[in-house]
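Read top to bottom, the protein sequences are chains A and B.
Per the working numbering, the first sequence starts with residue 2, numbered consecutively.
Per the working numbering, the second sequence starts with residue 438, numbered consecutively.
Derived from the structure by calculation, the hints contain no laboratory data.
Any given hint could be a false lead.
[What the hints assert, rightly or not] Chain B regions said to be covered by chain A (calculated; three or more residues, Cβ under 8 Å): (1) 446-457; (2) 661-670.
[As the list claims (entries may be wrong)] Listed next, the stretches of chain A that the computed footprint assigns to chain B, with coverage defined by at least 3 CB atoms under 8 Å from CB atoms of chain B: (3) 48-54; (4) 97-103; (5) 106-116.
Ideal placement from N, C-alpha and C gives every residue a C-beta, glycine not left out.
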Amino acid sequence: MIPPMNSPAGGVALQVRSLRKTYADVVAVDGLDLEVFSGECFGLLGPNGAGKTTTIEICEGLTPPDAGDVVVLGRRWGRDDRELRELLGISLQETQFAEKLTVEETVRLFRSFYPRGSPPQAIIEMVQLQEKARSRVGGLSGGQKQRLALACALVGDPQLLFLDEPTTGLDPQSRRQLWGLIEGFRSAGRTILLTTHYMEEAERLCDRVAIVDHGRMIALGTPRELIANLRAEHVLEFALAGDDAGDAAAFRQIEGVCAASHTNGTYRLQVEELHRTVPALLGELRRQGAQLAELRTHSATLEDVFVSLTGRHLRDE
Amino acid sequence: MSERRGVDHPLVQLTQVRYREFFREPEAVFWVFIFPVLLAAGLGLAFRNRPPERIAVAVAAADSSAETLAHALRQTNELDVRLLTDSAANEALRTGDVAVVMIPSSREVEYRYDDTRPESRTARLHVNDALQRAGGRRDVVAVRDALVRERGSRYIDFLVPGLVGMNLMGSGIWGLGFAIVDARKKRLLKRLIATPMSRPQFLASFVLSRLTLLVIEVGVLLGFGILAFGVPLRGPLLSLGLICLASSLAFTSLGLLIASRVQTIEGASGLMNLVMLPMWIFSGVFFSASRFPDTIQPFIQVLPLTAVVDALRANMLRGAGLEGLATELSIILAWLVGSFVLALKLFRWR
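The shape of chain B in the complex, shown without the other chains (with noise of 0.2 Å):
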């Protein structure tokens, strides 16, 4: 009565049971499927470029020649040109309303700005420079502006790699460390053991359904920004995929590792977050790791999620091939196997 074949082959079965738990639990398809996008297009609204903006100066009008001063000031584009009084003009840069407040009187012309806001020191060239023509002066030197507006230099084609990323380490450390954990908490495990199960088919099985999510999930991601913001695909597909596979089975391992002992699910998801949450704050999904000080940075770039959002960031904006990744996949493929020698070492069934 032999009839392993097909669908009846314990594999097959057990993987179907990884789509089944996964599908049948709606809160799990939301936050693998949904919500990425919904960061996506949130981020990618409120971070658009804009046309740019003319920048609030004020001119505290203390007599006449205030309005002299205003009036040479709007000769020039860049600037949005305010009278106020003395107090409010002070009011509006403390509020961060006006980035320079200027106050003429009969020897010279002050400018009172805060020195530590961008805004603020690029406000004072402008309203200078304006100043110093409206006087007079004339370039001795002729210069010509070319405007370069580019895909791939915008904040959402940053985001979306580095999304795709976290949605990786998410996927991979929740969908397998949960699942292991609940299944030992029941005793399902050690109900599975004790049948003529091939263990290393049932660790196979979380592999293979991972696998086929993981095509759906970065798909879905990779889909919204193409077509939401048009963000772009300049590296090799197929290397893409392959970083995709290789980062997607790191964390599945790490996943794996956390979940090897842990008896409840509040443990593992203590023990998931204490993991995840450097990662978050330091891998640079939403601003640039290169921000944190450089004696953090051996640290930063060790972790596997800096490595996949690099990695993914280089194909995808700047074109790389697999060829010039050579750290990154090494890091990468690194805590894959250490992650996964250390985990079957530590992994209790019971």
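Chain A with its partners taken away, still in its complex shape (with noise of 0.2 Å):
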């Protein structure tokens, strides 16, 4: 685990240490330690069930720990509910909201139980679903009823937001919509917890990612720490012509080359300097006699990080 660099500018917004919640018959949290900063969007990356939606509503004070302390805005769950209510934004996996209500209605009712906090048409207008307004809750797009969500964690003006999974099931430009929505909150200074199983959401959203899996935080830093840590900012992936059977051990020993898989007849390799290895990996393929059918590069990603650490896919059930 990597300790965090950012220092805390504006204090920590939210502590949780050893934090541990068992169901029935799976262990969901196993001693997880987490520290957000004042005005930093953090995001909790993990494949599904690795922990991370338990860990967000215990944040949130909907589900009680086993074990472990959770601080938030310098407040506890149990002591300050009514305070921390008022202060939290959150935005919880698949909520539906009443469909037979407009959307000025749903967020005038949820502006209703806030003390502070902007007008609700300036908050539709936020979230950009102003030409909606008047429409039932029930005919909205998936992108739409994720930023009334967004817009009904946004009416108490919060100092802390929870956005649990934003934009899963959207589609590429309602997800862009989103993130923009996201960034556009963080840039006014506010503090977001966020978890998703989207490394592109993650890259382009957060300061810092902590990696999750089995309840547990096996990396910690911001996207590019994290990928650098792979000392290999490429990854190289060949198919070969016809039925050729290339030698993977052999591709492994070229230069540059920190690691190498082979699946479905893809190679796989993770590169630290493409112009040192491209011209070795076609030496090496002319003196195993095989085609190349197929090349590929691209710049290593939060999935191959994760890929790394535990030898399976971010978006593998």
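Two independent chains are provided; combine them into the complex using the hints.
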């Protein structure tokens, strides 16, 4: 585990120590420590079932932990609940709002619960739903429903925003629109904790990311640091023509290759410097008498970080 | 920026949500407002009191003495006398077209009838009376008929308070139960408790909206009964209002109890029907509960709908105020308090 490199400029907004939660037969959270600094966007990245939702719902005061300590904005659940409820903005995974109400009525209802905050109209404009303000919730698209959920999280002018999988199930365009809204909230200096199993989302939105698997944190840092820790900035994938079977062990020996794997006819090499490795690979293939059918490279992503840490892909169910 | 007065008070907002959800659901509006009126209209017409009907009887025409017998019977107004062949007469008796078949012979007249049919027993008395008079019997005691046909003793008068009670039960249990279970299933309850919303205010919004809808639903049904059928309202109106109020709250509490933990609409639906079915059958909405055997009367009497319907009938038909309804009101209040306390203990927000 890498110690956090950022210094907590505005202090710590959320502190979690040795958190544990067990359901009947599964350990959902297994001794998790977290620190979210004020003003940052912090991401919990992990596959489904990693314990992200349980963790965020414990921080939201909706699920009691079995053990561990949670301090939110300097306050604790069970003692300062009323105050905390007014300071937090929450978007749960899969909330369905009442279908017969309009967008405006829904926002107005949620706004009525908070002592502070912008008027409903302003919040609806903030999430770009003004054209749908008088439409029933039941007729909204998935992206519009998620923006409504975000609006309901923002009504109380929160100091800390919890977003549980804010873009799951959305098309790329709706996802980018939502990312824009979340970035806007972050650049206004607010703190965000979000969970996601999309590495693009974590890379684009988060200042720091904790990678979680089986209820434990397996890596922590800025997306850039985590990728840098692979010591292989590039991934090189290729396939051979015909039924040629290449010599995988030989590829591992090529200069600059940190790791090599072979699945379904595709070879995957983690590489430090492309300009050295590619010529060497071509030389090795010539030596083996194999023909290239396909050759691709991409810069390493958080997905590659997860694969190298667990041997699995983020979205393997 | 504190601006939580007037329409932006959370209780006002929550209550408005209840109205919106109700009035934007056409089926709910139909079942609560229209259906009971249609039911009252249909049953009121079917069981309206008609002028006394003549009872159909048959004389089996075995020989010429049948003609003489029929002639004697036609002297009385109460009987519709038919001359039929033996087999046709038996067929008419079997299908209920006639109440008694008479078969005259040289020595006597045979009455053939089903003694378990009240109509047949009445017919036999009339027939016998007419026959004996024709034969020369004289009345020895002077009698006089004084007819009393009063509002309040008709079937529709009995039915309307029953329907009001049934409606209070249905809208209380369904109205609250479905809304809560639906919100729980959609995780909306969980989302709401993640806000600073006051939980008692959330529950209070259901009670408040119920109370205003109650005025409309009872008003529509009673108004229809009064205008269309002249159903009487003999008791103090304030007492009637209080009975409806207590009843509605009792059923709302029962709805809350049913909905306290159920996770699915199907589960809630089954449970609600399980709770309401015995009351639909036993509580005397459509016919008097006293028709059921004595052994199950204690069970019937403690059902909330039995108490509600009895109290409504006592008020509307017999003019009873609250003081005469101590038993019924204590049963209703016991259900109200008991269900509410238990519901609060069991209630799950997620």
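Quick rundown of the hints versus the structure:
1. 446-457: holds (count 8)
2. 661-670: violated (count 0)
3. 48-54: violated (count 0)
4. 97-103: Our answer is that it holds, as 5 residues pass the Cβ test (under 8 Å) against chain B, meeting three.
5. 106-116: holds (count 9)
Hints 2 and 3 from the earlier list are contradicted by this structure; the remaining hints agree with it.
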